[in-house]
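There are 4 protein chains.
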Amino acid sequence: MQSEFGRIGKRLFAEGLIGASFGNMSVRSGTGFFITRSGSYLDCPKSPVFVPMDGDVPEDASSEYRVHRAVYRSTDHQAVIHAHPPHAIALSLSCDRIVPMDVEGLTLAPVIPVVVGVCGSDELAGRIARGLQECRVTVARGHGTFAAGKSLDEAYLFTSLAEHSCRILVLAGAYGRRQD
Amino acid sequence: MQSEFGRIGKRLFAEGLIGASFGNMSVRSGTGFFITRSGSYLDCPKSPVFVPMDGDVPEDASSEYRVHRAVYRSTDHQAVIHAHPPHAIALSLSCDRIVPMDVEGLTLAPVIPVVVGVCGSDELAGRIARGLQECRVTVARGHGTFAAGKSLDEAYLFTSLAEHSCRILVLAGAYGRRQD
Amino acid sequence: MQSEFGRIGKRLFAEGLIGASFGNMSVRSGTGFFITRSGSYLDCPKSPVFVPMDGDVPEDASSEYRVHRAVYRSTDHQAVIHAHPPHAIALSLSCDRIVPMDVEGLTLAPVIPVVVGVCGSDELAGRIARGLQECRVTVARGHGTFAAGKSLDEAYLFTSLAEHSCRILVLAGAYGRRQD
Amino acid sequence: MQSEFGRIGKRLFAEGLIGASFGNMSVRSGTGFFITRSGSYLDCPKSPVFVPMDGDVPEDASSEYRVHRAVYRSTDHQAVIHAHPPHAIALSLSCDRIVPMDVEGLTLAPVIPVVVGVCGSDELAGRIARGLQECRVTVARGHGTFAAGKSLDEAYLFTSLAEHSCRILVLAGAYGRRQD
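Residue numbers (this note's numbering), protein chains in the order written: chain L, 6 to 185; chain W, 6 to 185; chain Y, 6 to 185; chain C, 6 to 185.
Calculated directly from the structure, the hints in this document are not laboratory data.
Be a bit skeptical, because a hint or two may be false.
You can't tell identical chains apart in this list, so a pair holds if it fits in one copy or across any two.
To be verified - Simulated crosslink set (SDA-like; lysine to any residue; CA at most 20 Å straight-line):
1. K155 - F27
2. K15 - K51
3. K51 - E9
4. K15 - D59
5. K155 - D65
6. K155 - G44
7. K155 - R33
8. K15 - C49
9. K155 - S43
10. K15 - G44
11. K15 - C140
12. K51 - G131
13. K15 - A179
14. K15 - D158
Given only the sequences and the hints, what does the whole structure look like? Please build it.
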């Protein structure tokens, strides 16, 4: 599993979707999920740690475990990735949802929810989980994307897609005009 | 052939011309062509599949096979690459053709056609094929580039060139003014 | 130690935080510190050289050793990285401090000092050292970031963070308006 | 020598200073110079070919050999690199010289000449050679940089520097205002 995490982490880093040791990812497993460790480089992660659906959480689990837990509790998603794509974050600062103009975005994520809340709070976790029921990717305002799917590959696809769509919006000068 | 596809795919990914498992490429062969599989990462592709010029198409062939087939039917091109270069896509949203300002673009692709149509339709496929008779690279509006040539290397060259020329246009602030 | 320097240098280069042989880094050791050599590529550095806290400096030590020495003298930081992140440098040209809008920046570096002075002067070195007492990263106007921490990994984290926050500010169009 | 060319070519490609098989480089040797082959990928070049200072030129030498020859004839430079850095090219479209605002640019290349002329002409080659007597890097308008120095490493340094300085100018919004 560590090599699967590393394979996707290398792609996230190479595409500029994460920097340094930011970001985290998890895969559902039995009565919980495996998540990357706090401070781990996603492109060369240490072995992920198991977080149960309820109860105590290992100390070195990523501090974003609350969001991942909320997503697994309320959806059927099998994997979750949190990343820091710059164009998606920039757009999220001034809109409540992101409406792609490119064909891939229009097809696969026609309305990307933007949610707000205090980082690490159960309230924000709940909002992200609800966002991921509507769309495979949701942006926490000013913070980053959370994408989910049947596998890490699918969660990565939606992370890359969201940043691509947001970059097109910025380059097309649509930012601040078409978003509302 | 798989290693040739992978060699070019790695370059496309490293230059940011594709992300995740987006994009596809093919090489003409006998009475058809080999194309990358649906959902395959171009930088580490599975073995490409053969698509005949007429008739049934293998289930896991890239869903863009219609465009590739239309190009091989109506031109002498030996290879086709579809990519998602962000500047080319952004420019394509508001113009019917792209006129480069840089010397390489002016020399090798002085008028890059922008075509419209429903993704996956025969109509769009025909328009892209016609575009590739005028210029080695054509942009499907809001979707991405299709480039063709004697080899994957040449199709890659025109993909890279188109994005380079479009990036210069955006950086020079020509976008929205000189395009018409 | 050379491999530790190289590991972090490769990350700085891959993220675009340094180019060519620009940038330098050091780690405190006993009565001085080890610093990269002048003209060395940080992603494949030669063995770093020892600079004592006082007295003569080896000829091939990075010419920025003054800043590193000033930081170690006046703080408890164990490692220092100087890089050239383009968005941070661009923002620094027109403001006295950088105020991030993204959550990571707001949390970890809410006010990033921008200092001025002649490169290579003790005056600038002193100002950077003071900046690094307030925040883990400081920008020398028009020149680049200096980040510090318990380790090279931590100094790298703050370098990456500063560029990320500045890129968000630029993309959000906040540059020239919210900064003062 | 091939491995030296490849080492620098990999860096140029990784920094985004060249794309596809664009760009070329050479090193002075005896009564001529070795230059990359036409159509060669600089990051994995075939063995470079020898071009004498006068007389016939091997068929597969880079078509830019005229510029390289003119530089070696009129200066003491030992190596020349031609690249396609997008920000430098974009800026060159509307100014006759580029004046950096960042400290490295101000120190190492305070006025970067921009020259015009027909690609492949002796006239343009002469202007670039004269530019490289004033500054280690010169931009051919709309085409790309030519940088020179004691070695490929130095020519690469000035290529990277020019793009860095131009990127800062673009990000700082100075483009179209401070340039003249």
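Hints, verified against the model:
no., hint, verdict
1, K155 - F27, "between (23 Å within a copy, 18 Å between copies)"
2, K15 - K51, "both (13 Å within a copy, 19 Å between copies)"
3, K51 - E9, "both (12 Å within a copy, 17 Å between copies)"
4, K15 - D59, "neither (30 Å within a copy, 40 Å between copies)"
5, K155 - D65, "between (25 Å within a copy, 19 Å between copies)"
6, K155 - G44, "between (25 Å within a copy, 14 Å between copies)"
7, K155 - R33, "within (10 Å within a copy, 34 Å between copies)"
8, K15 - C49, "both (7 Å within a copy, 13 Å between copies)"
9, K155 - S43, "between (24 Å within a copy, 17 Å between copies)"
10, K15 - G44, "both (16 Å within a copy, 18 Å between copies)"
11, K15 - C140, "neither (25 Å within a copy, 30 Å between copies)"
12, K51 - G131, "neither (28 Å within a copy, 39 Å between copies)"
13, K15 - A179, "neither (31 Å within a copy, 31 Å between copies)"
14, K15 - D158, "both (12 Å within a copy, 18 Å between copies)"
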